[in-house]
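Novice: Given next are the chains, with one letter for each unit.
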Amino acid sequence: MKYTQALENYNQKIAHAATEDMVLNMGPQHPSTHGVLRLELITDGEIVKEVIPHIGYLHRCFEKHAELLTYQQTIPFTDRLDYLASMNNSHAFVMGVERMMGIDKDIPKRIEYIRVLVCELNRIGSHLIAIGTYGIDIGAFTPFLWCFRDREHIMGMLEWASGSRMLYNYIWVGGLFYDLPVGFEERCREFVDYFKPKMVELNQLLTDNQVFINRTANVGVLPLDVAINYGCSGPMLRGSGLKWDLRRIDGYSVYPELEFDVPVGKGEMGTVGDCWDRYKVRADEIAQSLRMIEQCLDRLQKELKRTPDFDPRAKLPRKTIPKAQDYYVRCEGAKGELGFYFMTDGKSEIPTRVKARAPSFNNLSVLPEIAKGVMIADLIAIVGSIDFVLGEVDR
Amino acid sequence: MSFDDIKALLTDKFGAEAITGEETDGLQPALLIDPDRIVEVCLELRNNPGTYFDFLSCLTGVDYGVEASRFGVVYHLASIPYQTQLTLKISKENNRELNELPAFPSVTSVYKTADWHEREAYDLVGIFFEGHPDLRRILLPDDWEGYPLRKDYKTAEYYKGIKID
Chain A
1 MKYTQALENY NQKIAHAATE DMVLNMGPQH PSTHGVLRLE LITDGEIVKE
51 VIPHIGYLHR CFEKHAELLT YQQTIPFTDR LDYLASMNNS HAFVMGVERM
101 MGIDKDIPKR IEYIRVLVCE LNRIGSHLIA IGTYGIDIGA FTPFLWCFRD
151 REHIMGMLEW ASGSRMLYNY IWVGGLFYDL PVGFEERCRE FVDYFKPKMV
201 ELNQLLTDNQ VFINRTANVG VLPLDVAINY GCSGPMLRGS GLKWDLRRID
251 GYSVYPELEF DVPVGKGEMG TVGDCWDRYK VRADEIAQSL RMIEQCLDRL
301 QKELKRTPDF DPRAKLPRKT IPKAQDYYVR CEGAKGELGF YFMTDGKSEI
351 PTRVKARAPS FNNLSVLPEI AKGVMIADLI AIVGSIDFVL GEVDR
Chain B
1001 MSFDDIKALL TDKFGAEAIT GEETDGLQPA LLIDPDRIVE VCLELRNNPG
1051 TYFDFLSCLT GVDYGVEASR FGVVYHLASI PYQTQLTLKI SKENNRELNE
1101 LPAFPSVTSV YKTADWHERE AYDLVGIFFE GHPDLRRILL PDDWEGYPLR
1151 KDYKTAEYYK GIKID
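Those protein sequence lines, which keep their order, are chains A and B. Each step along the first sequence adds one to the number in this note's numbering, with nothing skipped, and position 381 is 381. So the number in this note's numbering is just where the residue sits in the second sequence, counting from 1, plus 1000.
So that you can see chain B by itself, here it is in the shape it has in the complex (with noise of 0.2 angstroms):
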């Protein structure tokens, strides 16, 4: 099925407003999605007999720079029987506090590998997972401050009055 297809096939499930628009210069097409629809969306590709999803490659969670204030997840869905790929993206508008982290739904209820890079993406962007079972952090420890990959984020100097050189 082509990019095109899919996207009629979504577009027919979940009425036009459930896709709020495509990315086609690169190489790779993206579909973008309305983060509150992804679990549908991503059920739907996995069940449905003409695409078999089944395979998530890769779950990137995004800070689109200190200007656009705007957070994104990337999801990289392989099809196993197909042999075709495809990516979803889903973004929303937050701001850069630290106790109002962008909420989006967890996609682990559809695939069980979005449970540990959905963790990774809370650790090190500070994206926060809706209905994830066990959100802690994963890679640094779990009383760190703040969340690496964000554009604004300041080394820290001290961890537990340690100096870090």
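Just chain A, with the same shape it has in the complex (with noise of 0.2 angstroms):
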């Protein structure tokens, strides 16, 4: 039966190579997963022959909730997608539903100055998590405790904005949930101020650490045109050395307005594209980052400033009905392009099919690739490196 075939080709593959080498899973538990990842190594000893990755432990059936739900009731399902970066997944999605419904352009700019403020706050989170969980994977305990603890303040400047720690349910279809509270500009500047200083300290501690550079220099290098053959993106592909970056490229909302470099891979301690490229990336994009959030506190608290009768709801439109088409929208999440494919029939305020393309699926989907015949102490430094969120590869 053909259908069957496939399954039973690995199943063969699973009983031939036990008999041959050994095989080892690793995880769904194993904590340099993080998460619910299963990876079946085929091993020569401390060889890695071949690695198969199960994933699906944390499928929530997104695209079909989606297909049940309106619009902005999909909102938060979108926040579950990469939990670690939760206001960049429904900023792409509200994004191509305005594109879709022709409001976009009438959006206040004090509301895209705080998406992207608040988006911003929240990449410097997930990459603070990609730093730190990357540091403990390979033996660096410090670094993800110092992580954490400048994570901290990201959470609650966002709780104070929203309400939630991780899920945020912030930016709507049409504006915002609330306006952000007062005082928030504020200690958001304490925040980049207090930050700023911590952040060299953190490369000091393990961008430099000669441990840790040998650790991933040299290690499970990504060839360019690999990379974009199996998709990847974000800091993978920029590791990999190709200054490809949507914020610049697209442009989206108002991100033409701000200045930014964009990091790559340049292969300091070793070749382009290895480990230590692809934390190097994500180490410079903080900073860059931080540079953005300070230019966007200055427009709001000059000629952006908060009014008495400003209100975030304004433009949110009484009936979300796009006229029927096929819509994708692309922007840079945390992790890379993160895209949702909506198709709609024009009468209802549900999308007959919504597909969300997620960056973590693709940067997963390499790993075969690039960790065959490497030591099974790399293919942990490996797996840290494309920081990948369960949540966003299963949905």
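Calculated from the structure, these hints are not laboratory results. Keep in mind that this is a model prediction, so the values were computed, not measured. Be a bit skeptical, because a hint or two may be false.
Under the rule of at most 27 angstroms between Cα atoms (straight-line distance), these lysine-lysine pairs were calculated in the DSS-like manner [stated by the list, open to error]:
1) A:Lys315 - A:Lys105
2) A:Lys323 - B:Lys1007
3) B:Lys1007 - A:Lys2
4) A:Lys266 - A:Lys105
Footprint (simulated), chain A over chain B, 3 or more residues, beta carbon under 8 angstroms [to be verified]:
5) 1009-1016
6) 1029-1038
7) 1109-1120
8) 1159-1165
Here are the computed distance ranges between Cβ atoms for each label pair [claimed, not checked]:
9) B:Leu1009 - A:Ile376: 44 to 54 angstroms
10) B:Tyr1159 - A:Lys2: 16 to 26 angstroms
11) A:Met22 - B:Leu1009: 48 to 58 angstroms
12) B:Asp1134 - A:Trp160: 42 to 52 angstroms
13) B:Asn1048 - A:Leu205: 29 to 39 angstroms
14) A:Ala15 - B:Lys1160: 17 to 27 angstroms
15) A:Ala314 - B:Ala1103: 42 to 52 angstroms
Every residue gets a Cβ at the ideal spot worked out from N, C-alpha and C, and that includes glycine.
From these two lone chains plus the hints, build me the complex, please.
Specialist: What follows is the structure, given as structure tokens:
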């Protein structure tokens, strides 16, 4: 039967490998898989001959839910895709719906700046987790505690704005849940001033740490052509040396008005596209996000000041019924190109099909390719450097 | 290269019958391609120096509804050198029997991205991809029955004798 042929081939391969080599299950509860990912390793001694990822342990039927709920009701579900950067997810989703409705040009500037501000804060939070857990994966415990200490400030601020620590439901179609609370801008600036020296400390502790460099440089090299062919994006693709950032390329929201650089991997410690480069891109992106936050704060405190009659829900559409069309929206999430594909029938508030293109899903799919023939200890370093979130891989 | 130029290029190369139509009323125009020619078309779009669509952003399996009994696949290509985007669509009519899935050629040989995306489309929509190297279910368990994103899917009440709440 041709539909079950692949499964039989796979079972045979595992049965064969179990006699010749050793089959080792890493996960689904392994701490360095950052969630419930199961990697089936076919090993010859310490060498990994093949990696077979098994995903789906955290499948929550996002696409099915999206076909049954209105756009506004789907936003909380998008928060749960990449739960470390929920703001970026809802921003992408909302942007797609707004463009289909044709109201994306009417959104007040203040709202757009607040959106970018919270997205960049959330991106820093996500990268801090990536860096901290990457350290702990390969044996450095202190950076983990430092990163979580600093991330706590971001969580606290976003909780202040939205009422929730991780799953915000803050960005709505046509506006925001609430305006920023009074004093948020000042608190945010305080955080930026506090965090900049902390980032220098973190770089001294981890980035230039010789033990860390030895564990990550020249390990898990991802050549650029492979990265593109596998659809890698975000820090994975930039780590391989390509300046590809959708915030620049597409210039959505207010990103064209902000000044920032796009850090890329240069192979300073080893080869271009190794684990250290991917790590370094994330560390540099934090500095760029801080720059963007400062610029947003400048605008929000000067020309786009809070006024008593400003209503962030003023532009909320009463009925969200886009005309019948297909639309694919992409934006730069914390992990890479985050896309939503909508199919609408023009009659109801419920889309007929929604597909989420999750960056982690594609970034993870390259793992069997770059983990061929590495040592088991290096595999941990590679898995950590991909920085995936299983909520997004499994959706 | 604009949408019309790409259309002209493909018509030149593969003949008029390879392109079965176009959708231009939405925000993003889409080319409808003959399902049997999709691999050649993708390869040409990827390798042609005028287009260089080297990045497959997204691949979606679609069920067009119970009355239409039509299944399709939507490809979102992106060109990194030219910073352009293009949508390709293929579709065919098929019944809804679980042992006669709609079959399309796999583009895994052109874009490795398609590997997992096609497995997902097979898993959730029930579309078979000819020539895929490892077409197993990806998100659901291997012994799951039915394809949940089909419009006629009835939510399973039991899985291996265990009631699903």
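Novice: Hint by hint, note whether the structure agrees.
Specialist: Evaluated hints:
1. A:Lys315 - A:Lys105: holds (11 angstroms)
2. A:Lys323 - B:Lys1007: Given pair A:Lys323, B:Lys1007 holds - Cα atoms ~25 angstroms apart, limit 27 angstroms.
3. B:Lys1007 - A:Lys2: violated (35 angstroms)
4. A:Lys266 - A:Lys105: Distance of about 38 angstroms is beyond 27 angstroms: violated.
5. 1009-1016: Violated - the stretch 1009-1016 of chain B has 0 residues with a Cβ nearer than 8 angstroms to chain A, which falls short of three.
6. 1029-1038: violated (count 1)
7. 1109-1120: holds (count 5)
8. 1159-1165: violated (count 0)
9. B:Leu1009 - A:Ile376: 44 to 54 angstroms: For A:Ile376 against B:Leu1009, whose Cβ atoms are near 48 angstroms apart, the range 44 to 54 angstroms holds.
10. B:Tyr1159 - A:Lys2: 16 to 26 angstroms: Distance hint for B:Tyr1159, A:Lys2 holds at roughly 25 angstroms.
11. A:Met22 - B:Leu1009: 48 to 58 angstroms: holds (52 angstroms)
12. B:Asp1134 - A:Trp160: 42 to 52 angstroms: holds (48 angstroms)
13. B:Asn1048 - A:Leu205: 29 to 39 angstroms: Because 49 angstroms falls outside the window, the suggested range is violated.
14. A:Ala15 - B:Lys1160: 17 to 27 angstroms: holds (23 angstroms)
15. A:Ala314 - B:Ala1103: 42 to 52 angstroms: holds (51 angstroms)
Violated hints for the displayed structure, listed by number in ascending order: 3, 4, 5, 6, 8 and 13.
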